[in-house]
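Novice: What follows is the residue order along each chain.
Protein chains: 2
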Amino acid sequence: MNYLAFLQKEIHSAAFATIAADGRPQVRIIDIMLCDESSLYFLTAKGKEFYRQLTEQQFVAVTGVKDQKAVSLRGKVRIADPALLDEMFEQNPYMKEIYPGNTRKALEAFQIYEGEGEFFDLTCKPVFREAFTLSGSTAYALSYHIIDACTGCGSCLAVCPQSCISSASVPYRIAAEHCLHCGACRKVCPSGAVRFD
Amino acid sequence: MNYLAFLQKEIHSAAFATIAADGRPQVRIIDIMLCDESSLYFLTAKGKEFYRQLTEQQFVAVTGVKDQKAVSLRGKVRIADPALLDEMFEQNPYMKEIYPGNTRKALEAFQIYEGEGEFFDLTCKPVFREAFTLSGSTAYALSYHIIDACTGCGSCLAVCPQSCISSASVPYRIAAEHCLHCGACRKVCPSGAVRFD
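If you read the sequences in order, they're chains A and B. Just so you know, we're using UniProt numbering here: the first sequence kicks off at 1 and counts up by one. Just so you know, we're using UniProt numbering here: the second sequence kicks off at 1 and counts up by one.
In short, the hints are calculated from the structure, not lab data. Don't take every hint at face value.
[Unchecked claim] One side of the interface only, derived from the structure: several residues of chain B facing chain A at Cβ under 10 angstroms:
(1) PHE6
(2) THR18
(3) ARG24
(4) VAL65
(5) GLU97
(6) LYS125
(7) PHE128
(8) SER135
(9) TYR140
(10) SER163
Every residue, glycine too, gets a C-beta built ideally from N, C-alpha and C.
Build the full structure now, drawing on both the sequences and the hints.
Specialist: As C-alpha cells, then:
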C-alpha cells in the first residue's frame with residue numbers, strides 16, 4: 001500500500017501539528033493537495049500563525065484517519081515551487097470557491113520532503129501496523145520486543161490484548177506488526193525481559 | 001451547536017498532539033470515548049509514549065474533521081476516574097474487540113477539563129468560524145480587525161477571498177466569523193490599519 005497516496009487521496013483532510021508561540025502543541029486540519037513518490041504538498045495562507053510556525057520550525061507532524069485506517073508521519077517542511085499553486089487548484093477545484101480568482105495569491109505551497117511515519121489499521125484482527133519512510137529507505141520504529149532474559153513463564157501471554165506473542169520458542173517473540181504498544185507484557189514480566197526501544 | 005458533542009459523537013476519531021522527547025510535535029489518532037458539558041474523555045495504554053507525554057505535559061491539542069466541519073481545541077489534561085473505563089467500553093463496544101476481557105486494565109482514562117477551541121465550517125459561503133471554551137465562558141480568539149487608521153481606500157476589498165470586509169462605514173469592518181485569516185488585507189493596506197491580535 002502506498003501510504004502517502006492513501007493520506008493524500010483517501011484521507012485528504014489531515015491534522016497538522018506544530019509548536020505554538022506558547023511552547024505547547026497546536027494542531028489544525030489541512031487538506032493535502034498533491035503527493036508524489038516521496039513527498040506531500042499542502043497550502044496555507046501567509047497571514048496565518050501556521051505559516052510562521054512552518055517557516056520557523058521547518059517541521060510538522062501529520063496524522064489522518066479514514067474507516068479506522070490511520071497514517072501518521074513526522075517530517076521536514078520547506079516552501080515548494082510556487083508554480084505548483086495552480087496545479088493544486090486544478091487537482092482540487094473546490095479551492096477555487098474558497099480562494100476565488102486572484103485571491104489565491106495569499107497562499108504559499110509547502111512540501112513535506114523527508115521524514116518517517118506509521119500506518120495503523122484497526123480493521124484487521126489482530127490490528128496491523130507498519131512503519132515507513134518518505135524516501136523509501138528502511139524505517140526504524142520503536143517496538144516492544146523480548147530479550148534472552150525470557151524464561152518462558154507465560155505471564156505475558158495472558159495479558160496481551162491482541163494475542164500477538166508467540167511461545168513457540170524461548171525467548172518468546174512479539175509480532176511487532178500486530179502489537180498495540182499497550183505495555184501490558186512488560187508490566188507483568190517477572191524477568192524484565194520485555195523492552196520498548 | 002454543541003462543539004464538544006460534535007467532536008465526540010460525529011468526528012469521534014480525532015488527532016491528539018503533544019510534544020515528543022525530541023522537542024518536536026507528535027500527533028496520533030485517538031477516539032473520544034465520552035463527553036459531558038465541559039470536558040472530553042479518552043483512553044490510552046500505560047505502555048505508550050503518549051501516556052508518558054500526557055502525564056508529564058498535562059496538556060494536549062486536539063482536532064478533528066467531518067464533512068468539511070472541523071473542531072480544534074487546546075486544553076489541560078488529567079487522569080480521570082478509573083471507574084469511567086467500564087462506562088467507556090459500554091458506550092463504545094468496539095473497544096471490547098481491541099482490548100478483550102481483562103486486558104482493558106492496560107488502559108488509563110484521561111479527561112480534557114479546561115481549555116478553548118474553535119469550530120470551522122467550510123460548507124458555508126462565506127466560511128464560518130466560532131471560538132468557544134470548555135467551561136462555557138467567553139472565548140477569546142485572535143482575529144483580523146481594522147483600526148481607526150483606515151482611510152476607506154478600498155484596497156482590502158479587492159483581495160478578500162471571502163468578501164467579508166464591510167465598507168459601509170470607515171473604518172471598514174471585518175466579519176471575524178467569516179474570515180479565513182489569510183492576511184491578504186493586512187498585506188495590501190497602505191495605512192497599516194489591519195491588525196491580527
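Novice: It remains to establish, for every hint, whether it holds in the given structure.
Specialist: Here is what the structure says about each hint:
no., hint, verdict
1, PHE6, "violated (14 angstroms)"
2, THR18, "holds (6 angstroms)"
3, ARG24, "holds (5 angstroms)"
4, VAL65, "holds (4 angstroms)"
5, GLU97, "holds (7 angstroms)"
6, LYS125, "holds (7 angstroms)"
7, PHE128, "violated (12 angstroms)"
8, SER135, "violated (18 angstroms)"
9, TYR140, "violated (14 angstroms)"
10, SER163, "holds (9 angstroms)"
When each numbered hint is compared with the structure, violations occur for hints 1, 7, 8, 9.
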